[in-house]
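Q: With these hints in hand, go ahead and build the complete structure from the sequences.
Each chain is listed here by its residues.
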Amino acid sequence: MEAIEPGLAEVTRRSDVDLDSAFAAARPRLVRIATSLIGTDAAEDVVQDTYLVARERIGQLRDAAAIEAWLARICVHRAFRVRRRGRRLQELLDVLPIPRVTPPPHGRLELHELVENLPPRERAVVVLQHGYGYSLDEVARLVGISHANARKISSRTRARLLRQWLEAEA
Amino acid sequence: MSDCRRTPGLVDRVVGGRITDDDRRHAPTCSWCGPVLTRANTFDEELRRVARSLVAEELPRGILDQEPGGRATGVVARRAAPGFAAILAAAAILLVTTVIALAPGTAPSASPPPSSPAPSSSNPPSSTPSVKPFVERMNTTAFIVGKLTASGYHCNDGAALESPGPGPDPVTRESTVCTSPEKAGPFTLAVIVGEAANGKVVEVSIKADLIADSPENRALLAVEVSKVLVVSTLDEQTGQNGGLWVKAHLPELNVGDQIDYGINGMSFHAERLPNQSYLIVAQGAGLT
Chain V
1 MEAIEPGLAE VTRRSDVDLD SAFAAARPRL VRIATSLIGT DAAEDVVQDT
51 YLVARERIGQ LRDAAAIEAW LARICVHRAF RVRRRGRRLQ ELLDVLPIPR
101 VTPPPHGRLE LHELVENLPP RERAVVVLQH GYGYSLDEVA RLVGISHANA
151 RKISSRTRAR LLRQWLEAEA
Chain Y
1 MSDCRRTPGL VDRVVGGRIT DDDRRHAPTC SWCGPVLTRA NTFDEELRRV
51 ARSLVAEELP RGILDQEPGG RATGVVARRA APGFAAILAA AAILLVTTVI
101 ALAPGTAPSA SPPPSSPAPS SSNPPSSTPS VKPFVERMNT TAFIVGKLTA
151 SGYHCNDGAA LESPGPGPDP VTRESTVCTS PEKAGPFTLA VIVGEAANGK
201 VVEVSIKADL IADSPENRAL LAVEVSKVLV VSTLDEQTGQ NGGLWVKAHL
251 PELNVGDQID YGINGMSFHA ERLPNQSYLI VAQGAGLT
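Chains as they are written, first to last, in the working numbering: chain V, 1 to 170; chain Y, 1 to 288.
These are computed hints drawn from the structure, not numbers from a lab. Fair warning: there could be bad hints in the mix.
Claimed, not checked - Restraint ranges, calculated between C-beta atoms of paired labels, are given here: (1) Gly256(Y) x Gly59(V): 25 to 33 Å; (2) Ser146(V) x Asn156(Y): 25 to 33 Å; (3) Pro35(Y) x Ser21(V): 53 to 61 Å; (4) Ser135(V) x Arg13(Y): 37 to 45 Å; (5) Gly59(V) x Thr42(Y): 30 to 38 Å; (6) Ala248(Y) x Ala65(V): 19 to 27 Å.
What the hints assert, rightly or not - Not the full set, but computed from the structure, chain Y residues with beta-carbon under 8 Å of chain V: (7) Val14; (8) Val15; (9) Ile19; (10) Pro28; (11) Phe43; (12) Leu47; (13) Arg48.
Said to hold, decoys possible - No more than 25 Å apart at the CA atoms, straight line, and that leaves these computed lysine to any residue pairs for SDA-like: (14) Lys152(V) x Glu138(V); (15) Lys152(V) x Thr140(Y); (16) Lys152(V) x Asp257(Y).
Fair warning: this is a prediction, and the values are worked out from it, not measured in the lab. All C-beta atoms in this analysis are idealised placements derived from N, C-alpha and C, irrespective of residue type, glycine included.
A: Structure follows, in structure tokens:
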């Protein structure tokens, strides 16, 4: 273990801002951002992951005054990718299927439920685009994908939601 | 369900943006199709309203202004997992291996394979972004295959990684999938090597399963995993540090535990999955 610790210590020494204090101050906001994007279940995980990534990359922060925006950007990026492996394993193992929304026996299925039950990746794009009002270009930059990819996710998700919503009516 | 034969087709046409004049003429006269068209017309507005209602916190001003060093594409590390096709192939190989191991007369003391797996919902290691200049930190596929086959591993060509399109993830293909020999120990390992578009190895994922779970076997597994990490890492000292880290911590992991370690641009991730399997990921792409 002695050979390992210096590496970790080095990472910490590179930090020229008080990441822990900044993170502690930003944490409630980050939790709310993550909750907005992917829901409450995974929000805490995303925020913890945000801290780990930030600690690892603190040396890349150019402007210490912008640390909250920097943390938020990491948070958005991580939220977009949360459960990606989980989904793949679900597909692989076919044990716990991705939650599917089925119309309730009585009453119409509300669009709110459909959006809330989207996979994190799709839900994040929907909320960033339609909730926050970012353009697809901006969404793509925020989550770190190409414009074409963002457009594809957006259009597929819209079609999927529209179909489910209309079929619930029909 | 709708009593009108046109309704299912109408939904398809609405979703596909192919509403016909016949649909428009029919809808006002049909108690099933009429509401569908009415609802479709309000969809975008309703979607905005719903999405807005989910926003619990505004994003900080200037979030888009971060430079690559601090912006998400620069800070978010690590790729989530081996490509689905490759992990499927690895799982199939492991399944066959396990079945053979559990067959009567071959491994009477083996415990049944883990069951009731559940997906991890926390902290997946995610994508390694494309950061220039590329820094090579991992050995080549040929080198890794050579070392592993010398230890008795069986290596196949990896399946192409399914990709939704251009993105920050530099892994474009799994160049090989290697499975451990029976003699390696009381476990099965599937080693998946991921290459970037430039043909350089940027990620090695290891899925490991114990034949029988015990502290001793966990320690043996950790030793084997550490060997693979050393073989995979270009800088020997860095690889040894990664190996030491795995040997120290892998045996202690409980289901749901996830740990990360970074040194000299390499990142190592290990976790124990809900199905008792272990997933270890070493990445070295673009971490300047």
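Q: A separate judgement is required for each hint: does it hold in the structure or not?
A: Do the hints match the structure? See the list:
1. Gly256(Y) x Gly59(V): 25 to 33 Å: 30 Å, holds
2. Ser146(V) x Asn156(Y): 25 to 33 Å: 31 Å, holds
3. Pro35(Y) x Ser21(V): 53 to 61 Å: Between Pro35(Y) and Ser21(V), where Cβ atoms are some 55 Å apart, the hint holds.
4. Ser135(V) x Arg13(Y): 37 to 45 Å: 28 Å, violated
5. Gly59(V) x Thr42(Y): 30 to 38 Å: The hint (30 to 38 Å, Cβ to Cβ) is violated, given that Gly59(V) and Thr42(Y) are roughly 50 Å apart.
6. Ala248(Y) x Ala65(V): 19 to 27 Å: Roughly 38 Å apart at Cβ, these two residues miss the hinted range, so it is violated.
7. Val14: 6 Å, holds
8. Val15: 5 Å, holds
9. Ile19: Nearest chain V Cβ about 12 Å off; hint violated.
10. Pro28: This interface hint is violated because 16 Å lies over the 8 Å limit.
11. Phe43: 5 Å, holds
12. Leu47: It holds, given that the least Cβ distance between Leu47(Y) and chain V is near 5 Å, below 8 Å.
13. Arg48: 5 Å, holds
14. Lys152(V) x Glu138(V): The given pair, whose Cα atoms are some 14 Å apart, holds under the 25 Å limit.
15. Lys152(V) x Thr140(Y): Violated, at about 34 Å.
16. Lys152(V) x Asp257(Y): 34 Å, violated
When each numbered hint is compared with the structure, violations occur for hints 4, 5, 6, 9, 10, 15 and 16.
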